[in-house]
Each structure stands twice: as C-alpha cells, then as structure tokens.
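Chemist: With these hints in hand, go ahead and build the complete structure from the sequences.
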Amino acid sequence: MAPLISQPSLWPALALCALPAVIAGCLHMAVVRLDLCPWLARPLDGGRCWRGARIFGDNKTWRGLVAMILFSILGCYALAGLMALAPGLAPYNVLDFSTHGAPFYGLLYGLGYSLFELPNSFLKRRRDIRPGQAGALPHILLDQADSVLGCLLLLYPFSRMDFAFVMTGVVAFTALHLAVNYLLYLCKLRAVPL
Numbered sequence: 058m059a060p061l062i063s064q065p066s067l068w069p070a071l072a073l074c075a076l077p078a079v080i081a082g083c084l085h086m087a088v089v090r091l092d093l094c095p096w097l098a099r100p101l102d103g104g105r106c107w108r109g110a111r112i113f114g115d116n117k118t119w120r121g122l123v124a125m126i127l128f129s130i131l132g133c134y135a136l137a138g139l140m141a142l143a144p145g146l147a148p149y150n151v152l153d154f155s156t157h158g159a160p161f162y163g164l165l166y167g168l169g170y171s172l173f174e175l176p177n178s179f180l181k182r183r184r185d186i187r188p189g190q191a192g193a194l195p196h197i198l199l200d201q202a203d204s205v206l207g208c209l210l211l212l213y214p215f216s217r218m219d220f221a222f223v224m225t226g227v228v229a230f231t232a233l234h235l236a237v238n239y240l241l242y243l244c245k246l247r248a249v250p251l
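Using our numbering, the first residue of the sequence shown is number 58, and each one after it goes up by one.
Hints listed in this document are in silico derivations from the structure and should not be mistaken for laboratory results. Some clues are possibly wrong.
As the list claims (entries may be wrong) - FRET-style restraints, in silico, Cβ to Cβ:
# : residue 1 : residue 2 : range
1 : Lys245    : Leu198    : 18 to 26 Å
2 : Phe215    : Lys245    : 33 to 41 Å
3 : Leu210    : Leu91     : 25 to 33 Å
Ideal placement from N, C-alpha and C gives every residue a C-beta, glycine not left out.
Modeler: And the structure:
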C-alpha cells in the first residue's frame, strides 16, 4: 500500500485507525466492570515480586490481554465491514485488509495495547504507585500514551502510515484515550476518571 500523501486525509484516517482500539477498550472495561470470566482475572506477573515490589500488579491480567486481543479483532472486523459498506472511506483507511485480515490486525492492536502498558506498570510499582492509581501528571500521560504507541508501532510495518501519521497519532490518540477513559468513568465502567 502506498503511504498517505494528502494532509487533509490525515484526520479521517486517524479516526478510522482509532476505531478498533476504542471498541476494544470500551468492551474490555465492560468485561472488567461486570467481572466476566473471573477465572482469567489472574495477574500476568503471577503475584511475583522483584526487589520487594510486585512486577506489574493486580490490574495487568490474563483477562485483559485476552479481552483486548479478541475485542480488537472484533473492532477490526467492524472497520473492515465499514470499508465494505462505505467504499468512499477507502482512501482514509491505513490498514490493508486484503493482504492482512482483521484477525491479524486485531492481534497487533491487542498486543500493542496490552504489552506496551507493562513497562509503565513496572515503573509505577518501583515508585510505589498502587495499581489503578494514576500518580503524577507524567505517569497519567504515560499511562495513556504507552498503549497508543504500542498499537501504532506494531501496525506501522503492515499499514500505509507514515511518520507524520504516527507522530500525530500518538498525540491525538493519547488525548482520545484520556477522553474515552473519562467517558467510561461517567458511565460507571471505570473506577477512576484517568
């Protein structure tokens, strides 16, 4: 696929690219809030500690990893369906569903989102910030930007993204992530607003 050329196409492309992650994130929070699949709500770190502190904490679970992958796949099917129903949106789609299907892209979204949160969780445990707490402003921003960066980095080699798209995406999607988290808080699907 050729990279995006026209700057006016950047914002609609960003909106379409965000769709699978927004769908996955909202559905994941519903699963957590309703405590679905509690048998999967086990910490990824298995409760292990390193130098007297948990590695990632209780909030990074197998349920979250599995849910984000499955719901991201669902979100990618939704995006692919939207592309089929509205072919006029094709110039704004950065993903090549004809070469790599929705499950492939969904796996990248889910892994990028979940795995890139782990280093920040590790750092927060070292700074004695409890799981679920945001901490200072730098941690709040990193909390929102880490998964965004993870998704974009994993998608980049298999997409029409260029450097401007990725850089704009990090800023725009971090702001979107903050807004969606606040909306989920207002809907009582999230315990804290940020």
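Chemist: Tell me the numbers of any earlier hints that the structure contravenes, in ascending order.
Modeler: none
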